[in-house]
Amino acid sequence: MRLFKDARYDFLGIRRRAYIFSAALILMGAFFLFVHHGLHYGVDFTGGTLMQVQFDSATSVGEVRGAIAGLGGGEAQIQQFGTSNDYVIRLPNFAATQTQDVGQELRQALASTFGDHYKVVRTSAVGPKVGTELQRKALEAILIAFGLTLIYLAFRFEWRFGVAAVIATGHDIIITFGFISAFNVDITLATVAAVLTIVGYSLNDTIIVFDRMRENFKGKRKEEYVQTLNRSINETLPRTVLTSGTTLATLFALFVFGGEVIRPFALVLILGIGIGTFSSIFVASPVLLEIENWYRRREARA
Amino acid sequence: MLSTIKGRLLVIGGLILVCAWALFPKTGPDGKSISPINLGLDLQGGMHLAVEIDDPNHTMDAQQRADAIDRTLTTIRNRINQFGVREPTIQKAGNDRIIVELAGIENPERAKEVIEKTAFLEFKIVRSGDELRRALPRMDRAVVDSLGPQNLGTPGLPGESASAQQPGLKQLLQGGADTGQAGADTSGGAAAAGKGAGPDTVGGDRAGAASTDTAGLSTRPLSALLLESGTPGEFLVAQQDVPTVQKYLALPGVQSAIPRSTDLEWGASPVGEGGNSYLPLWVLDHTPILTGDQLADAGPATRDPTYNQPVVPFTTTRRGAREFERGTSRHVGDLMAIVLDGKVQSAPVIKETLSHRAQIEMGSGSTLQEAQDLALVLRAGALPVKIKIVEETTVGPSLGADSIRKGELAFGIGILAVIFIMVGYYRVAGAMAVCALCVYILLVLGGLAGLKATLTLPGIAGLILSVGMAVDANVLIFERIREELARGKSARTSVEAGFQEAMSAIVDSNLTTLITAVILFQFGTGPVQGFAVTLSIGIVASFFTAVFVTRTFFMIYLERHKTGEPVSI
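Residue numbers (the numbering used here), protein chains in the order written: chain D, 1 to 302; chain S, 1 to 569.
Hint data in this document are derived by calculation from the structure and do not stem from the laboratory.
Hints should not be assumed to be uniformly reliable.
Quick list of in silico lysine-lysine cross-link-like pairs, DSS-like style, CA-CA up to 27 Å [claimed, not checked]:
1) D:K137 x S:K26
2) S:K343 x S:K388
3) S:K343 x S:K386
4) S:K247 x S:K343
5) D:K129 x S:K388
6) D:K137 x S:K452
7) D:K222 x S:K562
8) S:K489 x D:K5
9) S:K6 x S:K562
10) S:K386 x D:K119
11) S:K117 x S:K247
12) S:K117 x S:K562
13) S:K452 x S:K117
14) D:K5 x S:K6
15) S:K92 x D:K129
16) S:K26 x S:K6
17) D:K218 x S:K489
18) D:K129 x S:K117
19) S:K92 x S:K351
20) S:K452 x S:K247
21) S:K247 x S:K386
22) D:K218 x D:K5
23) D:K137 x S:K92
24) D:K129 x S:K386
25) D:K119 x S:K117
Source: prediction; values computed, not measured.
All chains should be built: construct the whole structure from the sequences, respecting the hints.
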């Protein structure tokens, strides 16, 4: 079997349409991020208490809410988790009183309503200091990962490739955060790990295409700049599609069968890798072309 | 050796053997089988705690903190060892934090208490309470002076004060030796206060409260909330008034009015009286007659048959025995409060001089389990400072098992999908890639086991993700080979060129992903580090399998391949 045999798609010819698509995604993301509900930070970062509870029988949100009424200043979030027996309860605070933490308070409140017909399967409580620390560390990690990759790119490629790769990856990060907001995925350590993986994957994808361009520029063939770019994208197209295909296939398996805890992580990766694949063809390469065109115009004027 | 097929197969076979050996189930010294791969707390269930020194006012300097952290670490380690957890992790993180990880723990709440309890034990003689009664007017004035009379009526809501609602309690109190006539005094708290000092101050106030007079609270805000219990040296405070009294007692003016060498300590558990509950407030000698550091051993905890309350027997050191003798011989017949972490557990009568052996009475509200845990922490020693938990994660064993099962399923299905795509698209070459993928999986798992890395749930996700990405290198190579073949080159030259030309792209892409993984490892905690570790091992292994293993397979394939026949790719 052979897909895209001798493909000659004019990817750069439709770049304006691709820009519109990107702009639409970014606008949509911006809507969710800034107008709708924004980013929802998990207890990892805000500090607070999360408790996953499994009841012996189906229980409604109202019943759970009734049982824990008044805790955490009434700011408890109750979320069904898979089945109607499983719930995740989030409270914004960590320490209730000097001697008791919120987790203990929650257990007492649940026990007084449900007796022993429930069990706590997971708790996560983070003090405000640790939360702030993690926020800083996560931001640092993303920036350092980004910076180091850039330095590496600068060594391996010309600067304009680096600039194009950065713009493409930035594009992916922004849109991914838009998705995270739209699908209401909590920002946790795992989400940050997913975003960093997307950064790695997207750069990787872009590098493969750029590597081919670099090689084709060295060739003696007489063709327009834009033609070389198009040819390179087309030549690497089977690889792009196949690798995205296998990666997405495993991620879908994770999304469907991996369970509730890992599902948001898989979802973010699926969307991000989809966008990363799109951007290496429709953002990174067009940006390279725009840089080249801008240069030429300047030279022509001079 | 690497140029011949035989040599290459030897290398691959050797690696497979090493990995298989690393993955072979082993039995530990206790006869139980040990999982070859360390499972993270999120997979096997357990508890992760981060604790710090509780020093909100920064009274300690860096040297003291460092010293306190080290001693705390030792104490926590002792306690956990006695608690009986297999392979606990107790380590310092940075300069001022201790991480405790207890895998597969059954009762996380209990473990938490054992870790958190300062276990600072003191034995103090109970005072008669008369000195405090004499000091109360001064303390009342100090409260009024520092808060202003207009701010006093509200906190306890006098009309609803428990003392006002509880005739039963009033009777109980009237039975008290020094408060007999007070109940009859209905002239109100203000009048009683005007009389100044005297043993009936407290009683007079009670009467005032009983007649729902709010004046008592504005002139005698503190004494109005203190009720006689009938036991000398013990006062009772209605539960809802406890925060108010705590606030008053913390005022500097009140502090300085407390009689010299006297401590006020709260009881550990409330007592019920006529449907309401009260927290005892004890008047104690400031200087303890014995402290917990003079304990040589404690336990085993038993239940006292006569009073049906758990007791913890203990023996003292030689010096402790002398101190204890000296302290108790002068106070036979008095009450001795057993104070744990600033809370009075119980206050039994000293029947005879105590020395080498004694026991701690826990009070009837305690369980035997609590007594056993107390014995444990007393044996392991008190923490040098108060600590607080700053982060806590627990995962039940059922959730962990569920995660493993689901992870395995997703892993299996993900691999099947990759096999389907690769064989469907590249035929024989695809099958080679799949074989290489199997080697890859074995290498990753063996690497995890050999490096003693911990597999977490995000780690499984990283593993599954890396399978999808592992074929990338093979895809790059195969596409190159196809291009070379399309240009009419021979099979051998095309394969050779394919591997060579794809190399720069493979190196670039693997290195950039590795950078990300290493940074993730640097910044991450537990689960995220697990993800970074599997991703890193995955990248290294995939590079090896895609470049070396697949190439060997191709060499074997070309060996049997007749010139001119099409290459199945």
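Structure-based check of all given hints:
1. A C-alpha spacing of about 38 Å is found between K137 (chain D) and K26 (chain S), which places the hinted pair above 27 Å, so the restraint is violated.
2. Only pairs whose Cα atoms come within 27 Å are accepted, and K343 (chain S) paired with K388 (chain S) is accepted, the gap being roughly 18 Å.
3. For the hint pairing K343 (chain S) with K386 (chain S), the CA-to-CA distance comes to about 14 Å; that is within 27 Å, so the pair holds.
4. The suggested pairing of K247 (chain S) with K343 (chain S) holds, with an alpha-carbon distance near 17 Å, which does not exceed 27 Å.
5. A hinted pair counts as satisfied when its Cα atoms are at most 27 Å apart, and K129 (chain D) with K388 (chain S) qualifies at roughly 12 Å.
6. Taking the CA atoms of K137 (chain D) and K452 (chain S), the gap is near 25 Å; set against the 27 Å cutoff, the hint holds.
7. With a C-alpha separation of about 38 Å, the suggested pair K222 (chain D) and K562 (chain S) falls outside the 27 Å cut-off, and the hint is violated.
8. The straight-line distance between the Cα atoms of K489 (chain S) and K5 (chain D) is roughly 17 Å, inside the 27 Å bound, and the hint therefore holds.
9. As the CA atoms of K6 (chain S) and K562 (chain S) are separated by approximately 20 Å, the hinted pair is consistent with the 27 Å bound.
10. Restraint check for K386 (chain S) and K119 (chain D): the C-alpha separation of about 31 Å exceeds 27 Å, so the hint is violated.
11. About 24 Å separates the Cα atoms of K117 (chain S) and K247 (chain S), which keeps this hinted pair within 27 Å; it holds.
12. Restraint check for K117 (chain S) and K562 (chain S): the C-alpha separation of about 78 Å exceeds 27 Å, so the hint is violated.
13. For the hint pairing K452 (chain S) with K117 (chain S), the CA-to-CA distance comes to about 33 Å; that exceeds 27 Å, so the pair is violated.
14. For the given pair, K5 (chain D) sits about 36 Å from K6 (chain S) by alpha-carbon distance, which is inconsistent with the 27 Å threshold.
15. Between the alpha carbons of K92 (chain S) and K129 (chain D) the distance comes to roughly 17 Å, so the proposed pair stays at or under 27 Å and holds.
16. The hinted pair formed by K26 (chain S) and K6 (chain S) fails the criterion: a straight-line CA distance of about 32 Å is larger than 27 Å.
17. Distance check on the hinted pair: K218 (chain D) and K489 (chain S) sit about 21 Å apart at the alpha-carbon level, within 27 Å; holds.
18. With a C-alpha separation of about 22 Å, the suggested pairing of K129 (chain D) with K117 (chain S) holds against the 27 Å cut-off.
19. In summary, the hint linking K92 (chain S) to K351 (chain S) is not supported, as the alpha carbons are separated by about 46 Å, beyond the 27 Å threshold.
20. A distance of roughly 53 Å separates the Cα atoms of K452 (chain S) and K247 (chain S); the hinted pair therefore is violated under the 27 Å criterion.
21. At roughly 21 Å between alpha-carbon atoms, K247 (chain S) and K386 (chain S) fall within 27 Å of each other, so this suggested pair holds.
22. In summary, the hint linking K218 (chain D) to K5 (chain D) is supported, as the alpha carbons are separated by about 23 Å, within the 27 Å threshold.
23. For the suggested pair K137 (chain D) and K92 (chain S), the alpha carbons sit about 19 Å apart, so the restraint of at most 27 Å is met.
24. Distance hint between K129 (chain D) and K386 (chain S) is fulfilled; the C-alpha atoms sit about 18 Å from each other, no more than 27 Å.
25. Distance restraint check for K119 (chain D) and K117 (chain S): the Cα-Cα separation of roughly 25 Å lies within the 27 Å cut-off, and the hinted pair is therefore satisfied.
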